[in-house]
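**Student:** Chain by chain, the residues run as shown.
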Amino acid sequence: MSPRELAVPVLLAFGVAVTLLSCLGVLVMRDPYDRLHYTGPAAVLAPVAIAAAVVLEERLSAAGVKAVLVALVLVTTNPVLGHATARAARIRQFGEWRVREEEREGGRP
Amino acid sequence: MNEWSVAALALLAGLVPCGVVCLRGSPVDRLVGLELAGTVVTLVLLVLAQAYDRAIYFDLALALALLSFAGGLVFARFLERWI
Amino acid sequence: MARRVGFWIAWYVPLVILWLAFVDTLDPAEVALGLVAAAVAATAAELVRSQDLVRFRLDPRWLRDVHRLPWQVLRDCWLLAVGLWRHCTGRPLRGTFRVVPFPSEADDARSAARRAVVTALVSVAPNTVVVGIEGGGGEMLVHQLVPEPGSPVPPSMLEEGSDE
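Protein chains in written order, with my numbering: chain A, 1 to 109; chain B, 1 to 83; chain C, 1 to 164.
Some hints could be false.
Stretch-level coverage of chain A by chain B, calculated; a stretch enters the list once three of its residues show a Cβ under 8 Å from a Cβ in chain B [to be verified]:
| hint | stretch |
| --- | --- |
| 1 | 11-21 |
| 2 | 28-40 |
| 3 | 54-65 |
| 4 | 75-84 |
No lab work stands behind these hints: they were computed from the structure. Here a beta-carbon is modelled for each residue, glycine too, at the ideal position from N, C-alpha and C.
Let the sequences and hints guide you as you build the complete structure.
**Tutor:** Take a look at the structure:
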C-alpha cells in the first residue's frame with residue numbers, strides 16, 4: 001500500500017471522528033453558548049481532512065477543486081455564523097449584547 | 001462497499017445527536033443543532049460524491065454549504081427578538 | 001469609470017476561472033455560457049459595490065499572523081476534546097464570557113474592516129467566539145469554553161494604526 005493509499009482512509013477516519021465528537025459535544029453540553037463551540041471542529045477541521053482525502057485520490061481535477069471549495073466555504077462561514085448565533089443568543093437573553101458590569105470583573109453573568 | 005461509503009454511513013450517525021438537540025432545548029439550542037446538521041450533511045454529500053463517483057454531488061455539497069450559512073444567519077437574526 | 005471597470009474585471013476573471021473549474025471542459029458552448037454568466041454576475045457585483053452600502057478597507061498587515069491559525073485550530077480542537085471527556089466523566093465544563101481590550105473607536109471604512117476581520121479570525125478557532133466589539137469602550141466580548149489566559153486577538157490586529 002503506497003503512502004497515498006494509506007493517507008486517504010486515515011484522513012477520512014480523522015474527519016469522521018472529529019465530526020462525531022462535535023455532534024456528541026453539541027448533545028451533552030447544557031448551555032447554547034457551550035454547544036456553539038462544538039460546531040467549530042466539524043466545520044473547520046473535518047472538511048479540511050475530508051477535502052485533503054479527496055484531493056489525494058482525485059488530484060486537482062474538477063472533483064478535487066470542488067472539494068477544496070466546499071472546505072473553504074465551510075471554514076470561512078462557520079466563524080461568522082458562530083458569531084451571529086452567539087450575538088443573537090445574548091440579545092435574546094439580555095435584550096442587548098453589550099458587556100455587563102459583572103463580566104468586567106470576570107465570571108458568568 | 002468502499003471506505004467512502006463507510007465514512008458516509010458513520011457521518012450519517014452524527015445526525016442523530018443533532019436531531020435530538022433540534023427536538024429539545026431552547027430555540028437557540030435548536031438553531032445550533034440545525035447548523036451542525038447542515039455541516040454534517042454537507043460532509044456526507046462530499047463523501048458520497050466519492051463513494052458513488054458522481055461529480056454532481058460536489059455541486060450539491062457546495063450549494064448546501066452556502067444556503068445553510070445564509071439560512072443560519074436569517075434564523076439568528078429572527079431569534080434576536082421576533083421568534 | 002476606470003476604477004469601476006477595474007473592479008468589474010477583478011470580479012469577471014476569477015468567476016470565469018471558477019466556471020471552467022466547475023464544468024471541467026473546454027466545450028465551446030460551455031465556455032460561451034460561462035463567459036456570459038460571469039459577465040452578468042460581475043455586473044451585478046459591481047452595481048452593488050457602487051451603491052456604497054458597506055464601506056470596507058482592508059489592510060494586508062492584519063493577516064501577518066494568519067499562519068498561526070492552523071496550529072491554533074488544532075490546539076483548540078484538542079482542548080475541546082479533553083473538555084468533552086471531562087464533562088462526560090463527571091467534571092462538567094462551563095464556558096465563560098470574557099472582556100478583552102480591543103481599541104476601536106473610529107467609525108470609518110478601515111475600522112469597520114478591522115472589526116470584521118478580527119471577529120472572523122478570533123472565531124475560527126473553536127474555543128473562542130466573538131460576541132461583539134464595543135467601539136466606545138475599546139472592549140471585545142468573547143465567550144470561551146475552556147478559559148485561557150491572555151488575549152485571543154492576533155498581535156498584528158491590536159494596533160489601530162492611522163485612519164483616513
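**Student:** Under the constraints set out in the numbered hints, which ones does this structure not fulfil?
**Tutor:** none
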